[in-house]
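Produce the complete structure using the sequences and hints provided.
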Amino acid sequence: MNAQTLYDKLWNAHVVRQEADGTALIYIDRHLVHEVTSPQAFEGLKLAGRKPWRTASMLAVADHNVPTANRAAGIADPVSRLQVETLDNNCAEFGVTEFRMDDVRQGIVHVIGPEQGATLPGMTVVCGDSHTSTHGAFAALAFGIGTSEVEHVMATQCLLMKKSMAMQVVVDGALGKGVTAKDIALAVVGRIGTAGGTGYAIEFAGSTIRNLSMEGRMTLCNMAIEAGARAGMIAADDTTIAYLKGRPFAPQGAAWDQAAAYWRTLHSDDGARFDKVVHLDAAEIRPQVTWGTSPEMVVAVDGCVPDPAAMADPVKREGAERALHYMGLAANTPITQIKIDKVFIGSCTNARIEDMRAAAAVARGKHVAPNVKLAMVVPGSGLVKQQAEQEGLDRIFVAAGFEWRDPGCSMCLAMNDDRLSPGERCASTSNRNFEGRQGQGGRTHLVSPEMAAAAAIAGHFVDVSVD
Amino acid sequence: MQKFTLLDGLVMPLDRANVDTDAIIPKQFLKSIKRSGFGPNAFDEWRYLDHGEPGMDNGKRPLNPDFVLNQPRYQGAQILLARENFGCGSSREHAPWALEDYGFRAIIAPSFADIFFNNCFKNGLLPIRLTAQQVDALFKAVEATPGYRLTIDLERQSITAPDGTVYRFEVEAFRKHCLLNGLDDIGLTLQHVGEIREFEAKYRAEQPWL
Chain A
0 MNAQTLYDKL WNAHVVRQEA DGTALIYIDR HLVHEVTSPQ AFEGLKLAGR KPWRTASMLA
60 VADHNVPTAN RAAGIADPVS RLQVETLDNN CAEFGVTEFR MDDVRQGIVH VIGPEQGATL
120 PGMTVVCGDS HTSTHGAFAA LAFGIGTSEV EHVMATQCLL MKKSMAMQVV VDGALGKGVT
180 AKDIALAVVG RIGTAGGTGY AIEFAGSTIR NLSMEGRMTL CNMAIEAGAR AGMIAADDTT
240 IAYLKGRPFA PQGAAWDQAA AYWRTLHSDD GARFDKVVHL DAAEIRPQVT WGTSPEMVVA
300 VDGCVPDPAA MADPVKREGA ERALHYMGLA ANTPITQIKI DKVFIGSCTN ARIEDMRAAA
360 AVARGKHVAP NVKLAMVVPG SGLVKQQAEQ EGLDRIFVAA GFEWRDPGCS MCLAMNDDRL
420 SPGERCASTS NRNFEGRQGQ GGRTHLVSPE MAAAAAIAGH FVDVSVD
Chain B
0 MQKFTLLDGL VMPLDRANVD TDAIIPKQFL KSIKRSGFGP NAFDEWRYLD HGEPGMDNGK
60 RPLNPDFVLN QPRYQGAQIL LARENFGCGS SREHAPWALE DYGFRAIIAP SFADIFFNNC
120 FKNGLLPIRL TAQQVDALFK AVEATPGYRL TIDLERQSIT APDGTVYRFE VEAFRKHCLL
180 NGLDDIGLTL QHVGEIREFE AKYRAEQPWL
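As you go down the protein sequences, you meet chains A and B in turn. Every letter in the first sequence is one number past the one before it in numbering that gives the first Met the number 0, and letter 333, counting from 1, is 332. Every letter in the second sequence is one number past the one before it in numbering that gives the first Met the number 0, and letter 44, counting from 1, is 43.
Simulated from the structure, these hints should not be mistaken for laboratory data. What you were told as hints is all true, and nothing was included just to trick you.
What follows is a list of derived Cβ distance ranges for each label pair: (1) GLU18/A x GLN156/B: 14 to 22 Å; (2) ALA329/A x GLY58/B: 37 to 45 Å; (3) GLY163/B x GLU84/A: 53 to 61 Å.
Among the chain A residues that face chain B by a calculated CB cut under 7 Å, a handful are: (4) ARG16; (5) ASP28; (6) VAL35; (7) ASP128; (8) GLY145; (9) SER147; (10) CYS157; (11) PHE433; (12) GLY435.
Cut-off 20 Å, straight-line C-alpha distance, at most; resulting in silico cross-link-like pairs (EDC-like, lysine to aspartate or glutamate): (13) LYS50/A x GLU199/B; (14) LYS175/B x GLU18/A; (15) LYS162/A x GLU171/B; (16) LYS175/B x ASP20/A; (17) LYS33/B x GLU92/A; (18) LYS50/A x ASP183/B; (19) LYS8/A x GLU205/B; (20) LYS45/A x ASP183/B; (21) LYS161/A x GLU171/B; (22) LYS161/A x GLU169/B; (23) LYS315/A x ASP135/B; (24) LYS139/B x ASP312/A.
As the structure is a prediction and not an experimental result, all values here were calculated from the model. Heads up, the beta-carbon is just placed ideally off N, CA and C, and yes, glycines get one too.
The structure is reproduced here in structure tokens:
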């Protein structure tokens, strides 16, 4: 048998049937559901008189609209409230497991899936959310879908799709001080561009990746979509299996042993062929900061805002000029001279326990700078929050002048009350710096949790890789 | 889903790369639990000068006269001409819903983001990839020619320009079949219930922990 990539193995295991043009019917193991992209799908199901094919495959949670403060008071915005209540009602009607807003297990859908062991190696995982690529960290084939496909999966447990091409991103070597999985992700997007992964499923490999924790691997796979790839993935190994052991949705006893033996086969074979291979040297990756309105507009913290005049491609030049105008930045400004107004530590990219620890380690014993109007820490789930509080991280943050909030998507996309005002500049651990993403007119700089916490303390970006 | 066969439509040029789905339909409008009514808020932050929220009377909001959607010569456009990586970012199907609700039936660009591309086909909206050079030529022609129209023939996979130039485009056979006939994917898949059940039984036997 030919050497297979991890993607080949995952794909082949789920093909139900195939059309002449290569369009395949793919079986879906896990369907994660949130309040924003599911109401129209549930409605379509009802209108057609259909029932979910397998409710046990579904796990639902409200995360985009939920408040991160005064949660006991409920959701003030009636439109947001209706959307969350609609999810509650749909889940009750169809018997779908849902972690409601008052459940300690509630949180960002891409944090709670792995935390519960609901994401397992070898699975196909879908959700009406582009950051579903996160779950590929567990050697799963995980990707975001639209609402029509959410309904399709509910009704048939399958999706119609064509196989993507395979890209391997190999990162080797030791990461320097203050350099994290987030910096690898941004460096990859900077290298291949936001459309570099379009049409591909990306497997991250190499010694640097093998040495990442599951939290780091999730951060990296989370941002595969920012490079244009619907799916990012990493081979299963001891780290993967150790993370899952004992989690509520993970198999137990003899089934665990059987599962773990299968999971160990989920890696690319020696000699497997990729359509494209990209190499990065870990030692060359510096802490990253985005300067523009696309995640590919990124430089190292010791660099400067680029000069559009030096860009040869007219489309790129025009994009950079527009971005600098929107961001209120002048070409050639050193990144460390950029002052910030707000700090957001959270999102499905960076709101896991390790992220909380890393930010707290920087904030410990220090204080948020006077020019920073708001520095907020939003844990990814109720359980992350609980763990952080047991470790005393909340007290470190509060003593340093940060706000310690309840879990949700929060200011990553500002669907709830957490948002930037026009012109405000934010150091954010989220994943998108698009125009208006964190609030109309808001200016986002994407960074790691360490870099965000350090920027909060200094009031401007600082290089965490130097003492 | 509405069929797509032949379209003769006015073309609107949106000359920027990496247009993301946050720009196509900003987050505050995603709170709706309906599938329709997103058209008036398509490109909301570029199109209006004030901050839009659900429930506002969009007819009374100040328009940005510089934005292409507000220019008189492009009113009634059904074909959107765009640059590379159109529809990147969030998976929100509200983006194609908004474009379709506004009146677009086809989008021509050098490249599209995967999820957006896929979502278009579920909504009777045809995304067409042409080469960067061809798209460039079309931008020049549209800007130089008021009332510039194109004829898109899905069956023949061709676009015909007013000067007689014909551009051929690729589309996957299965997607083409569904769009030409306005077929509902779920209905098609459910014709294979037996195969899905058979697969499921075998699969569960192999991985009983799932």
